[in-house]
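Order-wise, the sequence lines are chains A and B.
One rule links them: number in our numbering = place in the first sequence (from 1) + 13.
One rule links them: number in our numbering = place in the second sequence (from 1) + 4.
Check each hint, because a few of them may be wrong.
Examples of chain A residues lying across from chain B (beta carbon under 8 Å, computed) [as the list claims (entries may be wrong)]:
#	residue
1	K160
2	N177
3	L271
4	F287
Chain B regions said to be covered by chain A (calculated; three or more residues, Cβ under 8 Å) [unchecked claim]:
#	region
5	48–61
6	88–101
7	110–116
8	254–265
These are calculated hints, taken from the structure and not from any lab test.
Beta carbons: idealized from backbone N, C-alpha and C, even for Gly.
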Amino acid sequence: MAVVQQTARPEGRSSSSFWTVARRDSLAGFLFIAPQLIGITLFVLIPLCLVFWYSLHEWNVLANTFTYTGLANYQMLLEDTSLPSVLGATAIFSAGLVIFNLSLALLLAVLLNQKLAGITIFRTLFFSPVVVSLVAWTIVWGFLLQKNGGINGVLLVFGIDGPNWLREPVTAMISVIVVQVFKNVGLNMILFLAALQGVPNELYEAARIDGAPRFKQFRRITLPLISPTILLTSIITIVGSLQVFAQIAVLTQGGPGLTTTVLVYYLYQQAFQFHFFGYGSTLSIMLFVIVAVLTFAQWQMRKRIVFYES
Amino acid sequence: MNYYKTLKSAVAAIAVAVPLGISPVGSGIANAQDAVNLRMTIWSANEAHLKLFSDIATGFKKDHPNVTVTYESLPFDTYTTALTTQIAGGNAPDMAWIFETAAYDFVNSGALYPLTDTLKATKGYNAEELSTTAAERWTKDGKLFAYPFSTSPFAMFVNNDLIKASGAKTPAEMIAANQWTWDNAIATASTVGKTGKGGLIVRDFNYQIWQNLASVWNGWGASPWSADGKTCTMTEKPMVDALTFIHNAVFKNKAMPGPGESVDFFAGNAAMTITQISRASLLPKDKPFAWDLVPLPKGPAGNYALIGQAGVGVMQSGKNAKTAAEFVAYMTNPENSAKLSQFFPSARKSLLNAEVLKKTNPLLSQEQIDKVVISGIATGKVIPGHTGFAQIQQVVRSGLDAVWRPDANIPAALQQICGQIGPLLKR
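Looking at chain B on its own, in the form it has when it is part of the complex:
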């Protein structure tokens, strides 16, 4: 008797517990009828960033008391994969940060809600001052589908202590003598490399994220594909020359860490690193070294600059896309853009001046801001991207593995890569 009673109680308990267990609880957000809960996925978990975003959300709530905005930090390395998995699972966020490399996929697929009308209708927004070049990748048929809230130039951080100790010329000295070229930069890196320290590091490249090499090969006027994105141009002379130069720097001059070698510039272990200026926050405070920030060296094709971008878009599939677009308009209005620019350089012309940038980037000197930031954003090309970039990236990465060997046949490897990505580019 007791056995059956216990059994019945257990079944009843399960019957009550199971629906509770699978119900969508946990957000803690009130679900009143008129309440609107917006979620934005981001790849930053930086406390200062989150505080700023939270303040912006609070500011929006003053005029929209029924709207609550939450931010969901996803890991940087797998951000796009995690985002698309959420979308596939029917749990798309209302708003999302988007990498510049994935921009074409999101913009061309129709996944994003057009922002132009909302931005124009927002009082005091002044959409016209957004640089057209900066907005190009995020625009389709004249409509902006994601706002490029971060336009950050690549530059060269320098450890002057290491360079001087090796007896080589510093980049500042070379710039003053009009000798800041890739040949001289690699010569300096090689001299430091021979002391047992690292020479030059293209940060985050790691023989995987090859698109970061655009910070070097743009100096040769090289590009992985044609301007219309339809034709592979990796077999053309500028790319062959640029990759041969990098190959020599790695395997002959020992000026760059080889595959499988890890050296950290910000720990004081390398002479130079190419990265975005926002990485200045990584400079050591405990054991500081004499550092400098200089523009990328001059290549055979002349001076150049490279910029990385991040956009924020509204998912078309969201129930509250219109409200989400209004939030994006608020988040990126002139006032909030000025606040954001302390972390994410803005493409608004009114914020691209030394006075504003000096306030928001206290670590940089006036000269560094002028020569690196303002000039970089104004003239820089955006890092390569393409529709279906994830697949193209993987195929090229796999093909470039043949280049990163001491005895590589670079033209043959590039020929093979073009053969593989040719059909992908035409899709």
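Next comes chain A alone, as it looks inside the complex:
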């Protein structure tokens, strides 16, 4: 390798002994990743450390005081009577979102994995909400879901007196989940579609020859072979579900009661509305730990649920 490097160097060019080709290549590599590295350091790593630091303080923004309180904010986590409801709402939202989103995405992907004329139009239609502005999407749904809104207007045509979607505890949570699923299901659908198209056709042919029915083909061939994509989409969807904010802020503001107050919205309230930046930071740390643990657990489970890994 050293001989190759010597021969590759242009003749007559002076070069310091320090700047070997390997070092130059390393420097070039670092410079190429520098923008991303700087971005992550400035906007992820440093804020993360600062949030932990803030969580050990009582920060009164208006009085401009910043007092070290040790683990008092963590103690407050244990004593916060609203937190169990908030964590419950977060769990219900995440579970509902993941199950509904992945099931619908897979169903749509299977239905759209056909070689039919005009199928791309349907694929585009189902994907289009992904590129729509989240807030605009949510505001429109907010109008549709009002008591005297569009959805109840349609139901009334069929003689059904629709519920007050965003004001009843159960329907409010369902509404928020459905709005979020319809917004992002297209993304998972595309990922599943790509995975489905990567499954070799010969396997289905062999199964058909062996007389396997379609559902069995799906269960024994399709699911195992797209399992890496299922893992990927489930991680992305769970992490995304724990970060939901705009939909709650626009549609329900966490109500009725605390039924749709998920952790991120609660954190926002504590820090930016109630000015408890220290406690808000503590909630952020808790959210970070939850996301990290869930992601790690899912990653560990891949050996059981993922059929193969490249």
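Using the hints provided, position chain B relative to the given structure of chain A.
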């Protein structure tokens, strides 16, 4: 060779560009050594308002050529959150508008620069004529920490066309017959509601901003907490009665839009709305309807009025707090207060007369000004507020969700709310 040259050039370009990219450019304001740039956050983006503020800033510059004042409009709904985020980020404005509900937080925290000395030292300011009641919420230990530049009474706008079409009595007729009570007002709203139009709307309430319901429950003598702010009084009879009345109006009489229903009075779709008089500007010009403005109806506890306020304060943390206080003194002197009162009713006694108010509120009649504006400002209570109001507001909002159901147990829901906000009130 070319590869490394390109790489070096790229790195050099980044080295130059990054510091430029993060430098504080963009304001366009000269940074001469003696120049003072003041920034005021406001929640209005109304062109006419901004023009008036700009004229006031220009007037101040005549005597203070080195001072430039800029206004930053923040969204109304998230104004206080945006303001405190700026403060937390070390980018506090020099001056800020403050909602009456957040007044206690700002005044008690020490975030504001005391204005009393500056106002008194300003020639011709005549600070004494500012109504003591209006200044109460903005004062601590005898010092004024924010000037209440807007003191706007709540009143009832009426769509007489809708009411007459429904066959009900108009509020003006009821006032003339001394029958303008909450029972009769709701009866009228209910009659209109049965025609398919909206009855009575408490504007901006939307089953979220519950403090606006003070425009109704004050008629029962109800209050969410005691005068000293330490004890929850939502379980007391006046509040239970008032909320039961509102509940019946919503769910039994269909006189008020229910949760999740949106009806716009100013689009001509409802009989009456309670809001501040400054909303007269929303009355339609293209398809006008016969409208009226009347005082709030009489409740079981008698006649009453409610006012909303906005204050302007100087941030203590600003580098130029003294100059900012001088600007606030200029902005709110008698001459500029008269100009401001066309949009923001003043609490200065000299401006609280029909002659001045008629000039600045051309849409209102002499009678409306007398009965609604002058009487409202003179006798009105300010909308509820408290230290830590944002949290209390959220807890009460969440608790009141149990009231806004057809089968609500109102006393039990209020009991629960008091249990939750009790410790917050004592802090």
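Does N177 of chain A pass the interface check with chain B, least Cβ-Cβ distance below 8 Å?
-> Holds - the Cβ of N177 of chain A comes within 8 Å of chain B, reaching about 5 Å at its closest.
Can the region 88–101 of chain B be counted as covered by chain A under the rule of three residues or more with Cβ-Cβ separation shorter than 8 Å?
-> holds (count 4)
Report holds or violated for the interface hint on F287 of chain A, using the least CB-CB distance to chain B and a cut-off of 8 Å.
-> F287 of chain A check passes; min Cβ-Cβ to chain B is 4 Å, inside 8 Å.
Against chain A, does the region 110–116 of chain B show at least 3 residues with beta-carbon separation below 8 Å?
-> holds (count 4)
Would you check whether K160 of chain A satisfies its interface hint, that is, whether its CB is within less than 8 Å of any CB in chain B?
-> holds (4 Å)
Chain A over the region 48–61 of chain B, status - at least 3 residues with CB closer than 8 Å | Since three or more residues must qualify, the claim that chain A covers the region 48–61 of chain B is violated, with 0 doing so at under 8 Å.
Has the region 254–265 of chain B got at least three residues whose CB is nearer than 8 Å to a CB belonging to chain A?
-> holds (count 4)
Chain B contact restraint for L271 of chain A - C-beta distance below 8 Å | OK, holds: L271 of chain A within 8 Å of chain B, min 6 Å.
In the structure shown, a violation is registered for the earlier hint numbered 5 alone.
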